[in-house]
Amino acid sequence: MSKLAIIDYGMGNLRSVAKAIEHVAADVQVLVTADPAEVLAADRVVFPGQGAMPDCMRELDARGLRPAVLEAARNKPFLGICIGQQMLFEHSQEGDVPGLCVFKGEVRRFPADKMVGADGARLKVPHMGWNEVWQKQAHPLWVGIPDGARFYYVHSYYVDPADPAIVAATTDYGIPFTGAVAQANIFAVQFHPEKSAAAGLQLLSNFMSWKP
Amino acid sequence: MLAKRIIPCLDVSAGRVVKGVNFVELRDAGDPVEVARRYDEQGADEITFLDITASSDDRNIILHVVEQVAEQVFIPLTVGGGVRCVDDVRRLLNAGADKVSMNTAAVNNPQLVADAAGKVGSQCIVVAIDAKQVAPGKWEVFTHGGRNRTGLDAIEWAQKVASLGAGEILLTSMDRDGTKNGFDLGLTRAVSDAISIPVIASGGVGNLDHLADGVTLGRADAVLAASIFHFGEHTVREAKELMRARGIEVRL
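As you go down the protein sequences, you meet chains V and R in turn. Residues in the first sequence are numbered from 336 upward in steps of one, following the working numbering. Residues in the second sequence are numbered from 6 upward in steps of one, following the working numbering.
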């Protein structure tokens, strides 16, 4: 039976991610784990995250998980979710902290002066709710998901990759921002597939059968 | 474009969904998992559970309810009722809630909002505000289902909890709750315009146009309703179709 490791560094509810994956992939052992050895032994890795990125980085290092995450990001099917996507970048404006530098680019806060909707009303931050995800490249994780399908977002910061070629999806909220990135064995999303009903389950199912 | 959200609210007591009839009698309305799944199938954008369990002995039952629902319903779940400390918040999140709503405890101890947001992130913290109009353009915060005055101005309180780290406001008009006369649109708009975090309008929905009004006139980011969906008068899908027909962005 194949093994999936969901990296647990004490930030956020990982049970939802585990249950959603168990729901779509019957033949897999899902481990929610803080053990670097288990992460390295897994066939696939999910790197989630909730809360503030400075706390996430601190807790990741406090548990000695950084080397295992970086190793997994080099050679296993790897899915980053929310702060788990943001942490893959070089630096975040949130708390002015460095990230894991897997991707070049900055994690930025939604600019207050651009938070105006088409009707002139103020756009609230956090960006919370179901928004359209526009696919920017064909990718096995998009199979069966219509372009523009809505996914559930909840965040105040977004990634701004230096290399536009890794952008896998964008979403509009005052500004167009990067909703997903993809490169080789890594796919990472700002939205929450585990909370995005049918579209989210399809993406997780695609991840579980992905052979990058 | 970001869709406006429709959120059915379920009252849960001792592990069962209950419906109030004439504000007094509580009638069993089913298994929370089945009811939540039905709303998910109808296209609900989130589901809110309000734990109204009277006995403190039965408090842990809500954790099992959340666990069971989170195993089968893959949309955001908010849980409120009886949340008193950061540990209560953590337990609910660990059981599978995505957001936890606090009301009286935040009024009694505003630092709890900051402590909880600091521990689990603003995106998980909803502050529920029950407000009653006390003068034209002025609303006061009440607790205990509208029985206790707090002396707090609703708009100022919303601004304060937003600055403390709340990620969202669940705003209920106690004047309208249960009346079916529609949201207090003046209250909704005043609070929504005063803060930069999302506002969920609640209290008073009697028909589907009321939901749309909450968004267009009240400028709410989401609308919450209970009885209009529970008693089978309307489905969430019907509500969304009407909102779309009125030019509102929805997830259909």
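Any given hint could turn out to be false.
[Claimed, not checked] Simulated crosslink set (DSS-like; lysine-lysine; CA at most 25 Å straight-line): (1) LYS354(V) <-> LYS411(V); (2) LYS24(R) <-> LYS185(R); (3) LYS449(V) <-> LYS143(R); (4) LYS124(R) <-> LYS354(V); (5) LYS165(R) <-> LYS124(R); (6) LYS124(R) <-> LYS143(R).
The hints are simulated quantities; they were obtained by calculation from the structure and are not laboratory data.
Against the structure, the hints:
no.	hint	verdict
1	LYS354(V) <-> LYS411(V)	21 Å, holds
2	LYS24(R) <-> LYS185(R)	15 Å, holds
3	LYS449(V) <-> LYS143(R)	30 Å, violated
4	LYS124(R) <-> LYS354(V)	23 Å, holds
5	LYS165(R) <-> LYS124(R)	18 Å, holds
6	LYS124(R) <-> LYS143(R)	33 Å, violated
Comparing the model with each numbered hint stated earlier shows that hints 3 and 6 do not hold.
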